[in-house]
Amino acid sequence: MTSSVVTTAQDPPPPAAQTTSSPQKVPALALVAPSVIALLLWMIVPLAMAIWFAFQRYNLLLPDNRAFTGIANFTYILTDPALWVSIGITLVLVASVLVITIGLGTLLAVLFNQEFPGRGIARVLAISPFFVMPTVSALIWKNMLMHPVNGLLAQMTRGLGLGAVDWFADFPLISIIIIVSWEWLPFALLILLTAIQSLDTDQIEAARMDGAKPLALFRFVVLPHLSRAIAVVAMIETIFFLTIFAEIFVTTGGGPGLATTNLAYYIYLKALLEFDVGGASAGGLIAVVLANIVALFLVRSVAKNLDT
Amino acid sequence: MSTVTLKNIRKTYTDTEVIKGIDLDIDDREFVVFVGPSGCGKSTLMRMIAGLEDITSGELLIDGQHMNNVPPDKRGLAMVFQTYALYPHMTVAENMAFSLRLAGVPKAQRYERAKEVGRVLQLEPLLDRKPGALSGGQRQRVAIGRALVRKPKVFLFDEPLSNLDAALRGQMRLELASLHESLQATMIYVTHDQIEAMTLADKIVVLQGGVIEQIGAPMELYNHPRNKFVAGFRGSPKMNFLPVAIAGVGASGITVKLPGGGTVVVPVRPANVQLGDRITLGVRPEHIRIDAENPTIMGEVLVIEHLGDATSLYVKVAGGDTMIVQAEGNRQVSVRDRIPMRIDGNLCHLFDANDITLPKAS
Ligand SMILES: Nc1ncnc2c1ncn2[C@@H]1O[C@H](COP(=O)(O)OP(=O)(O)OP(=O)(O)O)[C@@H](O)[C@H]1O
Ligand SMILES: [Mg+2]
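Chains as they are written, first to last, in the working numbering: chain L, 1 to 308; chain P, 1 to 362.
Excised from the complex, chain L in its bound form (with noise of 0.2 Å):
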């Protein structure tokens, strides 16, 4: 279709234009390599310390019996029975944390989808944890909530008659668990409800249709839906779960025993209470490799659920 009024008369090419390159070319390595080399050494330098002292044996509190050691640092730490108690620590809270918030938050997240009178405020009381530090948020359950003299738990369980748990005693890493899935499930609910917000609701209405009922229409649209978003919400808290330090230090401080060390807190107490700074840097080592060995599970879980 062709229109008389609009003129169709092919303009002549525009000169061709020199504009584009600029006269004096400078090379992108240059331009990018000032962050390249910030991120190297911010990255490169803490790391080429740790092996160095890692080899080293390096006691603050004889500072001048220094010495190359060779592995006997890690000789040491890896015979070291507390080691592999506390990467099992580790690798529980990690895992058991995992679940709830994940497990929680997908439920939250479908519940919080829905109509509701008070939706929004209730969006944002279920979210607000996420803005406690963990070092208040610590407190406030161990001396608020868990405290088996003060505690709201406890004065609960008293005034049905049925005593009172002493928490952080009885039940220390099970306590651990339930602060940090508190502090982190307002996360996995954000990202798992802005997740589902983009489900297309003719998506739905086609398994309906096809006669999904609720449970069903969960498990086949809404779920398949949400496993990317899955997938990275685990990845990044795993990232923070296996450093997890400041509800350790301000509650149980890795005990009773070694109930709750897990193996940030270990290295702390290698580096700052015994002053083995070669122990620490080997533990520090170690926790590395650990941290490779999860991340390279995820990183291949996540991108196998990206694929699809």
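Because the hints were derived from the structure by calculation, they are not lab data.
Honestly, I wouldn't trust all of these hints.
Calculated pairs, EDC-like style, for lysine to aspartate or glutamate (alpha carbon to alpha carbon, straight line, at most 20 Å) [claimed, not checked]:
#1 P:K257 - P:D321
#2 P:K74 - L:E205
#3 L:K213 - P:D73
#4 P:K238 - P:E328
#5 P:K74 - P:E59
#6 P:K203 - P:E159
#7 P:K360 - P:D277
#8 P:K238 - P:D355
#9 L:K213 - P:E53
#10 P:K153 - L:E205
#11 P:K130 - L:D202
#12 P:K130 - L:D200
#13 L:K213 - P:E94
#14 L:K304 - P:D128
#15 P:K7 - P:E213
#16 L:K213 - P:D54
#17 P:K74 - L:D202
#18 P:K151 - L:E205
#19 P:K203 - P:E213
#20 P:K151 - P:E181
#21 P:K238 - P:E305
#22 P:K238 - P:E220
#23 P:K153 - P:E181
The following residues of chain L were derived to be distant from chain P, with all beta-carbon distances above 10 Å [unchecked claim]:
#24 A28
#25 T75
#26 L91
#27 F112
#28 P129
#29 L173
#30 I174
#31 A259
Cβ-Cβ distance ranges computed for the label pairs, FRET-style [as the list claims (entries may be wrong)]:
#32 P:T322 - L:P224: 50 to 58 Å
#33 L:P224 - P:L183: 26 to 34 Å
#34 P:Q122 - L:S128: 49 to 57 Å
#35 L:K25 - P:V333: 53 to 61 Å
Built from N, CA and C at the ideal position, the CB exists for glycine as well.
Knowing the structure of chain L, use the given hints to seat chain P with the ligands on it.
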């Protein structure tokens, strides 16, 4: 047998009424097309039939049975969505067989049925692909396949072809027509496309603002629009409307005076109009001829659109109105020419002050 009957169906969202009392009978094996301007309630009406929206009041019968409160999957209907709404994480076969899976049909049987439908829709080589790896037309086919698998009594289509390009749309239109032929199923179809409505429909329902303006066969709407809205809605390009005055009422019809002074005799009965009334004349672009011998109206050409087989002229006539005229493809005219046009009264419609068509003199 599968009939659908709507009795005074209404839909109110919180405080706005969007469907204002629809009565409609859809016969067995009929192909019914809903048309109307955007926002008139076509989708809402279809979704109420499907069971995806509650019916505020009125009665919906399918095969004579009260369906108002029956859940969507128990109504024996299948719906094809404009966005296809395929399940992205399932293969084509799983998509099509999902309803069977929910109904507890064993896997082998499900796959067999999906294959059978895939064969009808030429999807066989694609059965194990995910929707993301299909073209738009193939996705559309899968969406139709998903409806076919359920062997529904009634098919519902909400603008199923509007996301496809023109060529593919033409092809799918033919396939839908032959599908209707071979399945002998009742179909309800929403579209904005004039050609789809004209070619597919046994019966067109014209909606505006939540009420039915007219129901009829495609040619009936084209030849005998009940009012100005229906007349202007059907046909492409649209019908021209000119303000005219009644200059005479006789046995052979009403004589009207056009802007510019020419007169036309339109064979209609003067139901509720009289000499001197100002009314509206409607004439389709394809019914105006360029005729130098007995012109009824003169006009100045503003824009020319060459369509190949035909030429559309946008012509300004006395009084400032613009008319569209369909001329032959090779007609030599140029912009700003003054052209003489002849309007045949037998092919015109007259609309009274309330925009109702004056009845034809028989
Ligand atoms: N959930 C809702 N709440 C309030 N009003 C609604 C709601 N859904 C639709 N409407 C209104 O109902 C009217 C009919 O909508 P509908 O989707 O049926 O239009 P339509 O004829 O299908 O239009 P289109 O051709 O653009 O698809 C519109 O005016 C719309 O604003
Ligand atoms: Mg619509």
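Honestly, which of those hints from before does the structure not fit?
No hint contradicted; all consistent.
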